[in-house]
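*Asks:* So the chains spell out like this:
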Amino acid sequence: AQSVTQLGSHVSVSEGALVLLRCNYSSSVPPYLFWYVQYPNQGLQLLLKYTSAATLVKGINGFEAEFKKSETSFHLTKPSAHMSDAAEYFCAVTSLGANSKLTFGKGITLSVRP
Amino acid sequence: ETGVTQTPRHLVMGMTNKKSLKCEQHLGHNAMYWYKQSAKKPLELMFVYSLEERVENNSVPSRFSPECPNSSHLFLHLHTLQPEDSALYLCASSPLITDRFYGYTFGSGTRLTVV
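Keeping their order, the protein sequence lines are chains B and W. Following our numbering, the numbering of the first sequence begins with 46 at its first residue and continues without gaps. Following our numbering, the numbering of the second sequence begins with 31 at its first residue and continues without gaps.
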């Protein structure tokens, strides 16, 4: 079985501050990990993904995430928050295997203060 | 505009109504998915179709009935719903069900309210 844990439901940062959204995963086989963003009244948009190549992954809108196997983590960061980053962020995991599917965390809402 | 289009965007229906949600993808993908997104809950995978064949049904009540007439279209037929079925219903697609590298492409969802 596989799962992801996103602790907390809400993160608030000031514009220009560092964004750090945490994700820890559980998987009995090597995982593939994803971050998605959901803006209000929209579907989910892929931000970035880890698929066993480089452990530091860069995505759209200046976001990046680092896969740390020893910590079973895949935290999402952005050096400087922008007002337009306010949204809900979902971490997801899958793995090789006929029955594997994309399993999502419960999401975390990012607010950006002026 | 994503490659996955869902209609309608909003739907209000009574508990005795019958309605359908539609999803269309223009990406040439062969796998399609229905997810339910309720407030404060993780996304719930409802159904998975691969090459127009249903391959997964996650204990979804029979009042939800999916249909995949071809690899570009996916429907979710609704009847005698309950208020707790109110949620955002998301459609997604991927090149192949076994393609773990790609991730899924999502539509914008249908916001369903059952009254």
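Treat the hints with caution; some may be incorrect.
Okay, derived cross-link-like pairs now, DSS-like style, lysine-lysine, Cα gap no bigger than 30 Å in a straight line [said to hold, decoys possible]:
{"hint": "1", "chain 1": "B", "residue 1": "103", "chain 2": "W", "residue 2": "71"}
{"hint": "2", "chain 1": "B", "residue 1": "151", "chain 2": "W", "residue 2": "52"}
{"hint": "3", "chain 1": "B", "residue 1": "151", "chain 2": "W", "residue 2": "71"}
{"hint": "4", "chain 1": "B", "residue 1": "103", "chain 2": "W", "residue 2": "70"}
{"hint": "5", "chain 1": "B", "residue 1": "146", "chain 2": "W", "residue 2": "49"}
Facing chain W, from chain B, some residues (calculated, C-beta under 10 Å) [claimed, not checked]:
{"hint": "6", "residue": "61"}
{"hint": "7", "residue": "65"}
{"hint": "8", "residue": "79"}
{"hint": "9", "residue": "83"}
{"hint": "10", "residue": "86"}
{"hint": "11", "residue": "90"}
{"hint": "12", "residue": "108"}
{"hint": "13", "residue": "148"}
{"hint": "14", "residue": "151"}
I should point out that these hints are in silico values taken from the structure, not numbers from a laboratory. Here the structure is a predicted model, which means the values were calculated and not measured. C-beta atoms are modelled at their ideal positions from N, C-alpha and C, and glycine is treated no differently.
*Asks:* Work down the list of hints and note, for each, if the structure agrees.
*Replies:* Tested hints:
Taken as a hint, the residue 103 of chain B and residue 71 of chain W pair is honoured in the structure, with Cα atoms around 28 Å apart against an allowance of 30 Å. With a CA separation close to 25 Å, the supplied pair residue 151 of chain B and residue 52 of chain W stays within the 30 Å bound. Only pairs whose Cα atoms come within 30 Å are accepted, and residue 151 of chain B paired with residue 71 of chain W is accepted, the gap being roughly 6 Å. Between residue 103 of chain B and residue 70 of chain W the alpha-carbon distance is near 28 Å, which keeps this suggested pair within the 30 Å criterion.
With a CA separation close to 28 Å, the supplied pair residue 146 of chain B and residue 49 of chain W stays within the 30 Å bound. Below 10 Å, beta-carbon pairs count as interface contacts, and residue 61 of chain B has none with chain W, the closest being about 30 Å; its hint is therefore violated. Interface hint status for residue 65 of chain B: violated, as the beta-carbon distance to the closest one in chain W is roughly 21 Å, over 10 Å. For residue 79 of chain B, the shortest C-beta to C-beta distance to chain W is roughly 5 Å, which falls under 10 Å, so the interface hint holds.
The closest approach between the C-beta of residue 83 of chain B and any C-beta of chain W is roughly 8 Å, which is under the 10 Å cut-off, so the hint is satisfied. Restraint check, residue 86 of chain B versus chain W: the minimum CB separation of about 7 Å is within 10 Å; hint holds. With a cut of 10 Å, the hint placing residue 90 of chain B at the interface with chain W holds, because the nearest CB-to-CB distance is about 7 Å. Nearest Cβ of chain W to the Cβ of residue 108 of chain B: about 15 Å, over the 10 Å cut. The hint is violated.
Contact between residue 148 of chain B and chain W, as hinted, is supported at the beta carbon level, the nearest pair being about 8 Å apart and thus within 10 Å. With a least beta-carbon distance of about 4 Å to chain W, the hint placing residue 151 of chain B at the interface is held under the 10 Å criterion.
Violated hints, in rising order: 6, 7, 12; the structure is consistent with all others.
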